[in-house]
Amino acid sequence: MEITLNWYLTLSALLFTMGVLGFLFRRNAIVMLMCVELMLNSVNITLVALSQAMGDTAGQILVFFVMSVAAAEAAVGLALVIAIFRNKLTIDVTQFNLFKY
Amino acid sequence: MTASILFFVLASVAIAAALGMLISRNPVNSALWLILNLFCVAGLYLTVNAEFIAVIQILVYAGAIMVLFLFVIMLLNLSELPDLKRIEWRRVIAFFLGMGLLAMLMFVVASSLDMLPDPVSLEAAAESGSATTLAKVLFTRYAMPLEVIGVLLLAATIGAVVIAKRKPV
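Protein chains in written order, with this note's numbering: chain A, 1 to 101; chain B, 102 to 270.
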């Protein structure tokens with residue numbers, strides 16, 4: 001069977017949905033950040049597959065930038081998790097209500 | 102034929118690893134599953150001849166970002182979160198939202214079948230995925246965004262240090 005662009009797009013859609021589901025399901029803040037990484041990664045699959053199918057480098061340059069932003073996001077996100085853990089001694093997101101009242 | 106077998110193996114391992122990440126209770130196991138997923142995605146990049154992105158994927162994602170995640174998990178000395186006794190309506194709603202999103206994405210993929218571009222030749226794809234080609238574009242046409250990304254990373258580094266620093270309360 002010939003592997004076409006659709007297979008890559010379908011795989012990307014599946015992985016993105018799993019990232020969204022994990023982000024909504026899990027209560028651990030670090031695992032939620034990992035699910036964001038999974039979502040960014042699935043978008044990268046789409047960009048690379050389309051870029052290679054069209055022979056256009058712009059998509060892969062965009063993937064390069066997405067990875068840089070993902071690294072920055074992970075660094076700042078984990079720093080926030082450490083700061084919250086220091087105050088509340090938990091990273092269960094259902095326990096945070098700092099802005100509720 | 103070998104290319105399609107390779108795709109199916111890598112894709113199924115990637116999906117299985119993502120599932121493992123979602124359902125494992127220990128955050129360290131989640132991180133290790135995600136690393137397996139990232140390696141499989143790097144392999145998928147190789148199947149479309151995007152060598153440069155595949156190498157960067159392993160170096161940056163599996164190498165740097167996931168080490169940062171594991172480091173923070175170990176630093177916080179976490180125990181597993183206790184089970185919830187009651188039914189969480191949040192999860193039920195989340196499940197239906199997720200299935201709706203999947204249906205929507207699949208509809209878009211299925212309805213755009215005849216609009217997809219004709220694939221270029223294998224040689225052209227290999228050329229557009231090589232580090233030489235990408236470096237030429239990155240340092241000429243996209244030089245300005247590259248500099249901006251450098252500033253963004255610097256800002257993120259300083260921000261992370263400031264946020265995680267112990268404050269006198």
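No lab work stands behind these hints, which were simulated from the structure alone.
Some hints here could point you the wrong way.
Examples of chain B residues lying across from chain A (beta carbon under 7 Å, computed) [to be verified]:
{"#": "1", "residue": "Arg126"}
{"#": "2", "residue": "Ile154"}
{"#": "3", "residue": "Leu203"}
{"#": "4", "residue": "Leu217"}
{"#": "5", "residue": "Val238"}
Quantities reported herein were computed from a predicted structural model and do not represent experimental measurements.
We put the CB at the ideal spot given by N, CA and C, even for glycine.
Cross-check of the supplied hints:
1. Checking Arg126/B against chain A: minimum C-beta separation of about 9 Å lies over 7 Å; hint violated.
2. Contact between Ile154/B and chain A, as hinted, is supported at the beta carbon level, the nearest pair being about 5 Å apart and thus within 7 Å.
3. Proximity of Leu203/B to chain A holds as hinted, the smallest CB-CB distance being about 4 Å (cut-off 7 Å).
4. Nearest Cβ of chain A to the Cβ of Leu217/B: about 5 Å, under the 7 Å cut. The hint holds.
5. Of the supplied interface hints, the one on Val238/B holds, with its beta-carbon coming within about 5 Å of a beta-carbon of chain A, less than 7 Å.
The structure does not agree with numbered hint 1 stated previously, though it agrees with all others.
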